[in-house]
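Participant: One line per chain: the protein sequences are A and B, in this order.
Counting from 1, position 400 in the first sequence corresponds to residue 383 in our numbering; the numbering is continuous, with no gaps.
Counting from 1, position 73 in the second sequence corresponds to residue 76 in our numbering; the numbering is continuous, with no gaps.
The hints are simulated quantities; they were obtained by calculation from the structure and are not laboratory data.
Computed from a predicted structure; not experimentally measured.
Only pairs whose alpha carbons sit at most 27 Å apart, straight line, appear in this in silico BS3-like list of lysine-lysine:
#, chain 1, residue 1, chain 2, residue 2
1, A, K144, B, K168
2, B, K125, A, K144
3, B, K125, A, K298
4, A, K(-14), B, K193
5, B, K194, A, K226
6, B, K183, A, K144
7, A, K(-9), B, K189
8, B, K194, A, K(-9)
9, A, K302, B, K135
10, A, K303, B, K125
11, A, K242, B, K194
12, A, K172, B, K125
13, A, K4, B, K183
14, B, K168, A, K4
15, A, K284, A, K172
16, A, K257, B, K125
17, A, K302, B, K125
18, A, K229, B, K193
19, A, K241, B, K194
20, B, K193, A, K(-9)
21, B, K168, A, K146
22, A, K303, B, K135
23, B, K194, A, K236
24, B, K193, A, K242
25, B, K135, A, K298
26, B, K194, A, K(-14)
27, B, K194, A, K229
28, A, K4, B, K194
29, A, K33, B, K194
30, A, K4, B, K193
31, B, K193, A, K241
32, B, K193, A, K226
33, A, K33, B, K189
34, A, K33, B, K193
35, A, K303, B, K67
Quick partial rundown of chain B residues pointing at chain A, CB under 7 Å, derived from the structure:
#, residue
36, K20
37, D23
38, K30
39, L33
40, I36
Note that the Cβ used here is the ideal one computed from N, Cα and C, for glycine as well.
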Amino acid sequence: MGKNIIEKVWDQHVVYHEDGKPDLLYIDLHLLHEVTSPQAFEGLRLNHRKVRRPDLCFATMDHNVPTKNLPIINDPIAKTQINTLAKNCEEFGVPLADMGHPDQGIVHVIGPQLGLTQPGKTIVCGDSHTSTHGAFGAIAFGIGTSEVEHVLSTQTLWQSKPKTMQIHVKGELGFGVTAKDIILAIIAKFGIDVGTGHIVEFTGDAIHKLSMEERMTICNMSIEAGAKAGLISPDEITVDYVKGRKYTPQGDKFEEAKKYWLSLASDPDATYNKTLVIETSEIEPFVTWGTNPSMGSGVSKTVPYASNYTEESDKQALKKALTYMDLQEGTPLTDIEIQHVFIGSCTNSRLHDLRAAASVIKGKYVHPNVRAIVVPGSHSVKKLAEEEGIDKIFKDAGFEWRESGCSMCLAMNEDVVPAGERCASTSNRNFEGRQGTGARTHLVSPPMAAAAAIAGHFVDVREIMNVPV
Amino acid sequence: MEPINIVKSVVTPLNRKNVDTDQIISKEFLKRIERTGFGQFVFYHWRFDQDGQPIEDFVLNQPKYKGSKILVAHENFGCGSSREHAPWAILDYGFNVVVAPSFADIFHNNCFKNGILPIELKVSEIEELLAKGEQSVLEAEVNLQNQTLTADGKVYHFEINPYYKEMLLNGWDEIALTFKYEDYIKNYEKKRVQFS
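So here's chain A without its partners, still in its complex pose (with noise of 0.2 Å):
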């Protein structure tokens, strides 16, 4: 019977399997940021360890940087944090892109672009969306500080094998719906937690056809839906993206390495523990109407209503998400005004999503109403967005053009979104207060958002584009 890319990768990766007991799993890739790292570092140095392998680390800051008038941090516990990484990474050796580093941006977007994230690695980071690097047919996922201490002491980490699960995406992916609603549609019609204990794969022609950068926002998701990681096995598009980068292997190398990346693949016969199906005919436009990012439907949608739900717990959820985003049942998805407009975050802030978003906007103008920011995800994608002169669209628009970073996607910088306020942001979480303070947040793709901050309210982004000829 054939294998499929979860069971490879992590067979490959097991160190010591007993009965009875989880895996000692090696780790190829560790990512760290400033916000997760602090108290393992100072866990080593109270138990005098060092890095087993800080040749397998890499390090930027991302959580909490500023993403204007750098290079001055106003807020001094942030700085201290930033501060302490770069000392941290100094004295254990630990490579390290700090701000104002070219290869500085949000760890989920730097790793891919640099060749650090390839097939078949295991990668972890303090961080839920580390998932993102399963869209190279890497097993990659977010782990706790204890977890970061734990590899950073030994390379390796205890995990219990988790069980597997295939999302099949079945027929053609309609005009103007995009990756960030795949997973979205995936994550309302399956729910929040339906991948706990799993690692999913994402396949069909649908998967396929995209491109890397939209791989890694339905990957980058796969949390949303509660699973340890989400992968896409790799193939032609894969090998194409990682060729060339900075850390990619080179000539014989990488034939040799393309060889293996694409053995990893599912095999055509390959089980999985569950697999569940979702026709892309089902797939509109996203947008969240909730606090978490199972509460979303097709544009073209009210919120729903209490009665729409046979469990008393969910009637209480819908009333509870409902008061939070001051929303009443029954209203079209359309009517919501909305503030504020964040295009940026790992799920979408890749070179792909800045060129669809300003395709929208070109020669159009943000409402008054509405503030609007543009965080490119790193220090690279900004440059190339502004060598194309996309920087130029959007300010010319009215949008802020920033420098990288995660900026209004948690807020633990000074982008934040005011109490009572509505943000359409292409980031990947709407619980309550992630971007603020009695924030709301309504998640969206990049072409929603631009549409959203043109019209001041949410509109289906596809009246408003041009039909492909």
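Fit chain B to the known structure of chain A by using the hints.
Facilitator: Below, chain B without anything else, positioned relative to chain A:
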């Protein structure tokens, strides 16, 4: 970490599904570089209003649950961000045990590294504990060795991976244990697939 076996206290019923780690510890409290002192911020925006005044009907503000070490909640507890500040805050506040029908994976792992026992029970059992805990003061006793939670004369059994059970019972440092596998790690590194 502190070993854990028997925990006795009143039960705090948090009757919500999908409690995410952003709610357990909000982002503005993540900038500390220590592991300690997060308890004062746990569930901050559910405990306090915008003026910093306690919201009276939130369970953690109700006097009858004071000193509780056992938190009971609904499905998918600890979803979202990987921040270990969430279990640090829960522990620092005084909870050693969290009981729910299911936990998000990263939060679940993080508990075992910090001496917090996550207990999974059936939805019907959780609903029973939540209802009793809300109606009156429900005392419970958790016994990790026997894998039981006893409340109101009823014994609830739970399952736990023996590896994590031993870790919690002994309060072991996992890294020190893993160092014993150094030979396996070295051997693995010799044959490991790598291209660059």
